[in-house]
Amino acid sequence: MAIQSSFKNMTLCLFAVCIVSSALLAAVYAVTKEPIEAADHAKTISSIARVVPEFEGDPVSATVEVGGKEYSYYTVSKDGRPVGYAITSSSVGYGGPVVLMVGITSDRVVYNTVVLSQAETPGLGAKCVEPAFADQFKNLDPGQKKMAVKKDGGDIDAITASTITSRAYIKAVETAVAVYDVIVTGQDSGAVDAASGATLEADAPGEGTEENK
Amino acid sequence: MEYILIIISAIFVNNILLSQFMGICPFLGVSNKLSTAVGMSGAVCFVITLATLVTYLFQYYVLVPLHIEFMQTIAFILIIAALVQMVEIVLKKVSPSLYQALGIFLPLITTNCAVLGVALMVVTKEFTYGGEPHLLNLGESVVFAFATSLGFGLAMILFAGLREQIALNKVPKAFQGIPIALVTASILAMAFMGFSGLV
Amino acid sequence: MGKMQLITKGFVKENPTFSLLLGMCPTLATTTSAINGLSMGLATLFVLVLSNMAISATAPYIPDKVRIPAYIVIIAAFVTILQLVMQAFTPDIYQTLGLFIPLIVVNCIVLGRAEAFANKNGVVDSACDGLGIGIGFTFALTLLGIVREMLGSGSAFGFKFISGDGILVFVLAPGAFLALAYLIVIFRKLTAAKGE
Chain A
0 MAIQSSFKNM
10 TLCLFAVCIV
20 SSALLAAVYA
30 VTKEPIEAAD
40 HAKTISSIAR
50 VVPEFEGDPV
60 SATVEVGGKE
70 YSYYTVSKDG
80 RPVGYAITSS
90 SVGYGGPVVL
100 MVGITSDRVV
110 YNTVVLSQAE
120 TPGLGAKCVE
130 PAFADQFKNL
140 DPGQKKMAVK
150 KDGGDIDAIT
160 ASTITSRAYI
170 KAVETAVAVY
180 DVIVTGQDSG
190 AVDAASGATL
200 EADAPGEGTE
210 ENK
Chain B
0 MEYILIIISA
10 IFVNNILLSQ
20 FMGICPFLGV
30 SNKLSTAVGM
40 SGAVCFVITL
50 ATLVTYLFQY
60 YVLVPLHIEF
70 MQTIAFILII
80 AALVQMVEIV
90 LKKVSPSLYQ
100 ALGIFLPLIT
110 TNCAVLGVAL
120 MVVTKEFTYG
130 GEPHLLNLGE
140 SVVFAFATSL
150 GFGLAMILFA
160 GLREQIALNK
170 VPKAFQGIPI
180 ALVTASILAM
190 AFMGFSGLV
Chain C
0 MGKMQLITKG
10 FVKENPTFSL
20 LLGMCPTLAT
30 TTSAINGLSM
40 GLATLFVLVL
50 SNMAISATAP
60 YIPDKVRIPA
70 YIVIIAAFVT
80 ILQLVMQAFT
90 PDIYQTLGLF
100 IPLIVVNCIV
110 LGRAEAFANK
120 NGVVDSACDG
130 LGIGIGFTFA
140 LTLLGIVREM
150 LGSGSAFGFK
160 FISGDGILVF
170 VLAPGAFLAL
180 AYLIVIFRKL
190 TAAKGE
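Residue numbers (numbering that gives the first Met the number 0), protein chains in the order written: chain A, 0 to 212; chain B, 0 to 198; chain C, 0 to 195.
For reference, chain A alone in the conformation it holds in the complex:
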């Protein structure tokens, strides 16, 4: 190397490298900031469009507090009347949080659901994004069907060998329905607290059904 490893050279060199890198990063950050926000926004909008019926105008964002926790939701309207709500709710799955966007129409029917993020086991719990499981929640009337996997005496077919994920998914939908009730009636019935109790149950040992290979 042509440059001597003197203390001054080393300090100067590292300093220069850091400054140039930081400047470069700041520039790229400034350039990509808008596209990143746009991508986030586009993802939200497309998720909303998938979970609620046809609507006009822009979805209106708001938050509501249910059972001491804040939930964000979007209201969509048609002909000046709200036709549906897209509610973001989450619960604890097998590999981490399962975050859903649940669309509920104004007549309290789950229109559709979309997984916003999940970290379930690939090939097992991660199948919750596939239609075979997720489509069970299309046009589902929570008043008519029992919201639990068949193993727990409900009406939902669990994902093969992934009961914990299936339960988490159902719980998130249930939470969304409870949030919907609060949005519509404006009263916190405490149903969410009851639903959260299921979390611990799902975590109980001996439920290693995901391992069934």
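These are computed hints drawn from the structure, not numbers from a lab. Just so we're clear, the structure is a prediction, and the values are computed from it rather than from any experiment. Heads up, a few of these hints could be off.
[Unchecked claim] Straight-line distance between alpha carbons at most 27 Å, and here's what the computed BS3-like set of lysine-lysine pairs gives:
no., chain 1, residue 1, chain 2, residue 2
1, B, 172, C, 188
2, C, 12, B, 172
3, A, 7, B, 91
[Claimed, not checked] So, partial list: chain B residues that the calculated Cβ filter (under 8 Å) puts toward chain A:
no., residue
4, 69
5, 70
6, 73
7, 125
8, 127
9, 132
[Stated by the list, open to error] Some but not every residue of chain C turned toward chain A, in silico, with C-beta under 10 Å:
no., residue
10, 65
11, 70
12, 72
Just so you know, even glycine gets a beta-carbon here, dropped at the ideal spot from N, CA and C.
Knowing the structure of chain A, use the given hints to seat chains B and C on it.
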């Protein structure tokens, strides 16, 4: 209770080597002999815990207030590199015997992705211990980091023990070295899968 | 060595995964499906080419004793650029690969090429070298991804060709080790046969 969950989960259920695949290079590289595996595990334990503590503080007291979170990767890797250097110097002065045991592994640790991995995990990943998903606080982060490194050590030492046995056996030529080690790791990973569902 | 040779050597002779056994963490972790393996390979390729070029251009001005920290900073800068660009334009892939994108910084292949090649050679040669090794890595990851996805889920690149599930263990951790072990053995057999 939550701390116990974190510890069990980090050591057994989400073992950093056998289920997260971080730090595989030393796992395959220095697991020929039990003694080196122990040395490496000790050094990793030390560095992961310290690095997580420092990067956690740096994230919340420097990067977030200044809104320069995008400098995270650069800052963390520099902190880890500097920390490894410092540990090396301090160890040399304070405890030459410990330095003898761990010294040669220290330079390798900068590029051990388990260290950067854990540091990034505690500030980005939402954990679900005890109900609601949340980011870890300082105490939980340090406990998590320490437990993770114990998990690293456990897998490493078990693996080294197995490899010492395999070295005594006849192995088909094409399988010699890394392939047979990977097959062993696969079986070990299968054994660790038995822990899943525990937490 | 010609430019073409620099690019092709990473494919077989110096294949980073099957022959040099480097960069094992992302290799095992991100190959649960063919598409994930391919994305990870391309992400690494991007960093490898750019960091090789930048390091070969700056190497003469960096004092020997601080070269490693300097290289790490340069690599980390490109990795962060990659993170930002992916967040903006391919947010889904970015989410899937998660932590393993920032962890490209500590991928030994990248630093290894900087030390072994880029700091002694010209910018163009270094770019070719990065391209070659990167393509070899991408090839290895995609292949491993295809094998694991085929055995584990009965599909390739998301197209199912059997109904129902495959041998699920192949998408889980033990299957990663096992599939890689057998691919290395097959690779060794093939290259040994060629050599004779």
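We went through each hint and held it up to the structure:
Between residue 172 of chain B and residue 188 of chain C, the direct Cα distance comes to roughly 10 Å. Compliance with the 27 Å bound is thereby established for this hinted pair. The hinted pair formed by residue 12 of chain C and residue 172 of chain B meets the criterion: a straight-line CA distance of about 19 Å does not exceed 27 Å. For the hint pairing residue 7 of chain A with residue 91 of chain B, the CA-to-CA distance comes to about 25 Å; that is within 27 Å, so the pair holds. At a threshold of 8 Å, the smallest CB-CB gap from residue 69 of chain B to chain A is about 5 Å, leaving the interface hint in force.
Proximity of residue 70 of chain B to chain A holds as hinted, the smallest CB-CB distance being about 6 Å (cut-off 8 Å). Look at residue 73 of chain B: its Cβ gets to within about 6 Å of chain A, closer than 8 Å, so that hint holds up. Hint status for residue 125 of chain B: holds, given a least beta-carbon distance of 6 Å to chain A, under 8 Å. Taking 8 Å as the C-beta cut-off, the interface hint given for residue 127 of chain B holds, the closest approach to chain A being about 4 Å.
Taking 8 Å as the C-beta cut-off, the interface hint given for residue 132 of chain B holds, the closest approach to chain A being about 4 Å. Checking residue 65 of chain C against chain A by beta carbon gives a least distance of about 5 Å; that is within 10 Å, so the hint holds. A distance limit of 10 Å between C-beta atoms decides the matter here; for residue 70 of chain C the minimum to chain A is near 9 Å, and the interface restraint holds. Given the 10 Å rule on beta carbons, the hint for residue 72 of chain C holds: about 5 Å separates it from the nearest Cβ of chain A.
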